[in-house]
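Asks: Read off the chains here:
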Amino acid sequence: MFTLIGRICFVLFIAIMAKKSFSYENDFAVRAGFSYAQSSFNSLEDKSSPTGEEIDREDSRSYGVQTSFSYKWGRILGGLESRILLGNAADLAFNDDNQTITGEGSIRTVDITPFIQFNTKTFKIPGKIQQFFTGINISPWFGYMKFGPSWMIQSIELDKFNVAEEFREDHKLTYESIGFNLAFGIEEDTPYKDMHPVFLEISGAIYESFKVSLVDKSNSQEINILGSRDAKQDIKTFTLVLTIGMILF
Amino acid sequence: MSSLSFANNANSDSFSLGGLENLKSQPTELPALPKKVQYQRKSNYYYTYIDREHTFEENINNLAAIYAVTWVVYPLTQPSTVKEKGSLENYRKNFGQLVFDKDEPFWNWFVHPISGSQLFLFYRARGYSRSDALTMSFISSTLFEFTVEIYTEPASVQDLYQTPVLGSVLGLGLEKLSLYLLNTGNVLGKIIGHAINPSTLFWFYEGKVKLIPQVGKDKAGLNVHIDW
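Protein chains in written order, with this note's numbering: chain A, 770 to 1018; chain B, 159 to 386.
Just so you know, the hints here were simulated from the structure itself, not pulled from any lab data.
Hints are not guaranteed to be accurate.
Using 27 Å as the maximum straight-line C-alpha spacing, the simulated DSSO-like pairs for lysine-lysine come out as follows [unchecked claim]:
| # | chain 1 | residue 1 | chain 2 | residue 2 |
| --- | --- | --- | --- | --- |
| 1 | B | 251 | A | 980 |
| 2 | A | 980 | B | 243 |
| 3 | B | 334 | A | 841 |
Let the sequences and hints guide you as you build the complete structure.
Replies: The following block contains the structure:
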C-alpha cells in the first residue's frame, strides 16, 4: 500500500507541470471528501521485540470523511481541515503507565490541521488520456501542496487485550497527539466554485502522543474521565491518507 | 381544406371538429381532457433562498439573537448536566480553556453537527450566502463554546470546528432536501420539509416567495412578492 501511494505521489509530482492557475479567487470554500487511511503505530522505533526478533505489525486501516474550510488568495490558500476516521487494528501494542497493552480493537481518530496551501499553475490532462475517458469533460487541473501542524485525538477501544487490572471492556483510552501533516494533490481548475471542482489528495502525517486519559464510557451520554497523565512518546503514529472529494460551496 | 378548431373554456374542455365529414374514415371522438385544475396541487408560495448583503447592524442583531437563544436552549436541553456540573466556579475555571473532549460519537458526530446545521439554516433563512452563513455559524458556535457551555465544561477543539463545518455540510443537504419537499406542494412533503428545516416556518425566513398569476386581455404574467 505504502509503495503504491509512494508511486502515485511521484506521478503527481511529475504531473504538476504548469501554465496558470485560475479558478475562484478571494473567497471562502468548503471541501468535503471520503478518505481511506493506513496507519502504523510505534513504527518509528518499535521494530523489534525484546528478544531481538523483528516484529511485522499489521497496519490499521480506517475509513472516514475529510472536511476543510479555507480562504483563497490568488494561488495561496489558508484554512482549517479535519478528518474523522474509523478503523480496526488487529495488532496493537503500546505502553500505558509502564505496562504494555497488546490486543485488537477499534480506533477512532479525529484530527484538526490549520494549513497553508500553495497551488501550481494549471496543466491539462494529455490528449491520449482524455481520449481514453471519452464522454467525460476533463477540465484543466492544478496541483497543490499543503502542510501544517496537526492535533489528533485517538480513542482506542480494545475487544481483546492483555493487560493487568483497571482496564475494563467499557473503558477506552484516548491519546492526544501532536504532529505534522503534509499533503499533495490535484484539483479541477473550474471558472466557478459552484461547478464543484473535484480534488484528489494524498497526505502523510506523523504524530507523537502527549497525554493519555482513561475514560469510562459505560454511560454513552455522559462520559467519565477516570484519570489523565502525560504520555510523551507512548504512541507514535504514521498515517497515509488518500482522499477524494469536491468543493461543496 | 379542412380546419380544426379547438375550444377550451372553464365550463367545458372539448374538441369540436369541423370540415372532416368528407373523410373516408371518420375520426373517433377524442376523450375529453381531464380538468387539470381540479388535480393541481395549489401552493401560494414558492420556497427558495435569496442571498443578499447585510449591514453590520444586521449581523450584530442576528448574532445577538442566536446568542440569547443558546442561553435558554442549553439548560433546557441538558438540565441534568447543568444541574450536576454547572457552577460559577466551573465557569471561572473553564474560562479561556481549550481541550480535546473525550465525548462519545453521539455528541460529536450527531448532536453538534445537527445543531450546526440548524444554525447554518437560520442564517440562510436570513438571506446570508452559504459562505457567509458558515462564517456566522462559526462565530455563533464559538461564542457558545467560550461563554455559555463553559458553565459545565471547557471549550472543545472538536466542537469548535465540527459544529459549524460539519453542520454546514449537513445543512447544505437539508437545505436542498427541504426545498424539494416544500415545493412539492403536498402535505407530507411540507410537514417533513418544515421539520428538517424549521427556520422556513418563522417570520424571519426571507425566501418564501408569493406567486400571484396575473391574466388580462392579451397578456399573462406572474407577480413575485418577496418580504424581508
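Asks: Determine for every hint whether it applies to the structure shown.
Replies: Verification of the hints:
no.: 1; hint: 251(B) to 980(A); in the structure: holds (20 Å)
no.: 2; hint: 980(A) to 243(B); in the structure: holds (24 Å)
no.: 3; hint: 334(B) to 841(A); in the structure: holds (26 Å)
Taken one by one, the earlier hints all hold for this structure without exception.
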